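Go by the hints and put chain Y onto chain X.
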Amino acid sequence: MNSGLLGYLVVLGVTLGGVGLFTAAMVVRRVLAPRAPSGAKLATYESGVDPSGGDWQQSGFRYVAYAFLYVVFAVDAVYLFPWALVLRTSGLGIASVVEMGIFILVLLVGLAHAARRGVLSWL
Amino acid sequence: MSVLEIVLRSVAVLVCFMVLPLVLGQAEHKVMAHMQGRLGPMKAGGFHGWAQLIADGVKFAQKEDIVPRAADKPVFRLAPAVSMFSYLLALVAIPFTPSTVAGDLPASLVYVLAVSGIATVATLMAGFGSGNKYAMLGAFRSAAQLVSYEVPLILACASFAMAAGSLSIGGIVHAWHPIWLLWQLPGAIVLLIAATAELQRPPFDMPVADSEVVMGAMTEYTGLRFALFLLSEYAGIVVMSALFAALYLGGWNGPFDGALGFVWMLLKTAAVAFVVLWVRMSWPRLREDQLQRFAWFFLVPLALFQLALTAAGVIYTA
Numbered sequence: 001m002n003s004g005l006l007g008y009l010v011v012l013g014v015t016l017g018g019v020g021l022f023t024a025a026m027v028v029r030r031v032l033a034p035r036a037p038s039g040a041k042l043a044t045y046e047s048g049v050d051p052s053g054g055d056w057q058q059s060g061f062r063y064v065a066y067a068f069l070y071v072v073f074a075v076d077a078v079y080l081f082p083w084a085l086v087l088r089t090s091g092l093g094i095a096s097v098v099e100m101g102i103f104i105l106v107l108l109v110g111l112a113h114a115a116r117r118g119v120l121s122w123l
Numbered sequence: 001m002s003v004l005e006i007v008l009r010s011v012a013v014l015v016c017f018m019v020l021p022l023v024l025g026q027a028e029h030k031v032m033a034h035m036q037g038r039l040g041p042m043k044a045g046g047f048h049g050w051a052q053l054i055a056d057g058v059k060f061a062q063k064e065d066i067v068p069r070a071a072d073k074p075v076f077r078l079a080p081a082v083s084m085f086s087y088l089l090a091l092v093a094i095p096f097t098p099s100t101v102a103g104d105l106p107a108s109l110v111y112v113l114a115v116s117g118i119a120t121v122a123t124l125m126a127g128f129g130s131g132n133k134y135a136m137l138g139a140f141r142s143a144a145q146l147v148s149y150e151v152p153l154i155l156a157c158a159s160f161a162m163a164a165g166s167l168s169i170g171g172i173v174h175a176w177h178p179i180w181l182l183w184q185l186p187g188a189i190v191l192l193i194a195a196t197a198e199l200q201r202p203p204f205d206m207p208v209a210d211s212e213v214v215m216g217a218m219t220e221y222t223g224l225r226f227a228l229f230l231l232s233e234y235a236g237i238v239v240m241s242a243l244f245a246a247l248y249l250g251g252w253n254g255p256f257d258g259a260l261g262f263v264w265m266l267l268k269t270a271a272v273a274f275v276v277l278w279v280r281m282s283w284p285r286l287r288e289d290q291l292q293r294f295a296w297f298f299l300v301p302l303a304l305f306q307l308a309l310t311a312a313g314v315i316y317t318a
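If you're matching them up, the sequences are chains X and Y in order. Under full-length UniProt numbering, think of the first position of the first sequence as 1, with each following residue one higher. Under full-length UniProt numbering, think of the first position of the second sequence as 1, with each following residue one higher.
Chain X with its partners taken away, still in its complex shape (with noise of 0.2 Å):
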């Protein structure tokens, strides 16, 4: 076995070592912390008011902007990284840097484009 997998062999250990954390932290709490359910200790926190409506209304949604900008960004994170290990290789490095400017240079061309529709600005 290559020194990688083992690694992950401690990975797999403090993931177990985590739920034994969090599971003994649970006994905890269920042994010390104080239960005394009442209707208004249960009912949903609203500055102290009744709640009003249920938890399902509209809302804005102008953050779903941000979740595309984010996906466009996040398949040029998984390009950059093999590209970080390859920049050094003789024969691809100016080549790729070139072709990675061009790739990067599109993304910036849709960031532009988000900007000037406004999807940025809120006021």
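A portion of the hints provided could be inaccurate.
[Stated by the list, open to error] Straight-line distance between alpha carbons at most 25 Å, and here's what the computed DSS-like set of lysine-lysine pairs gives:
#, chain 1, residue 1, chain 2, residue 2
1, Y, Lys73, X, Lys41
2, Y, Lys30, X, Lys41
3, Y, Lys59, Y, Lys73
4, X, Lys41, Y, Lys43
These are computed hints drawn from the structure, not numbers from a lab. Fair warning: this is a prediction, and the values are worked out from it, not measured in the lab.
Here is chain Y on its own, set in the frame of chain X:
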């Protein structure tokens, strides 16, 4: 590596996860007390308020445990665990000396970035699962902020990986040279700001702005469940500070680093963590749209500029 060694390494990570965030929390109490002239944190236990953290722990343990009637109960109960796992798992791959790393992963930089992304899922779970409007709005803000700042964070980290030609944090520290302090400076600025925003620390604490959305996604949480969210926030500061110290400040590099490498890494991490705390105490929070514009129109272009600078440097010296 025997089973015993794996167990010992895992236990060491868990101990670090329990101890380092608490040390940081204690430091935050004291630094904040001194910087803002606060008397409260200096009281408990007598000398310099040394027992404040213990008092906090006792308080958290004896708070009443409440799961609101409107909550989606399994999701609500599981969210603190998910939040805990993200930075707990990230801690595995942080190297303290060339040989002191709990799990020697081949692409540890990508691994740390990937598992620290789990925190976003936890915040969304807490926000959606609480059945509370403040929590919902807080989760929206958090998700938007975390994905927006993830982009410059990843771009800055990619720049360090390019400069070193390695995806392993240890490999990057090996390749580190003092000239990086100048060459990678724009990337370091992006990394520090984006990391602070990823942790939702002030001035980027819009998702938990108390005067607007109470405590954001964590509004309905009490007692130990809430304490677990806090623990993972402070563990996040430790992980991000260690990452910054390793990538930009050269990790264990320093005088006598054969014997003192561990000390240098810890000192650098502590210094970065202090800056993160200091920023919290000095700056007011950004408004939601200012915060987003700052990420997309300042940090992303600056990070791309750093990538170009790094590529040019690597090609020039190759």
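Check whether the Cα positions of Lys30 (chain Y) and Lys41 (chain X) lie no farther apart than 25 Å.
Violated. Lys30 (chain Y) to Lys41 (chain X) sits at ~34 Å, over the 25 Å cutoff.
* Does Lys43 (chain Y) lie within 25 Å of Lys41 (chain X) when you go C-alpha to C-alpha? -> violated (31 Å)
### Message
Just to be careful, I want the Cα atoms of Lys59 (chain Y) and Lys73 (chain Y) compared with a cutoff of 25 Å; is the pair within it?
### Response
At roughly 24 Å apart (the allowed maximum being 25 Å), Lys73 (chain Y) and Lys59 (chain Y) satisfy the hint.
| field | Lys73 (chain Y) paired with Lys41 (chain X) [C-alpha distance capped at 25 Å] | value | Status holds; Cα separation ~16 Å.
Checked against the numbered hints above, the structure violates hints 2 and 4; every other hint is satisfied.
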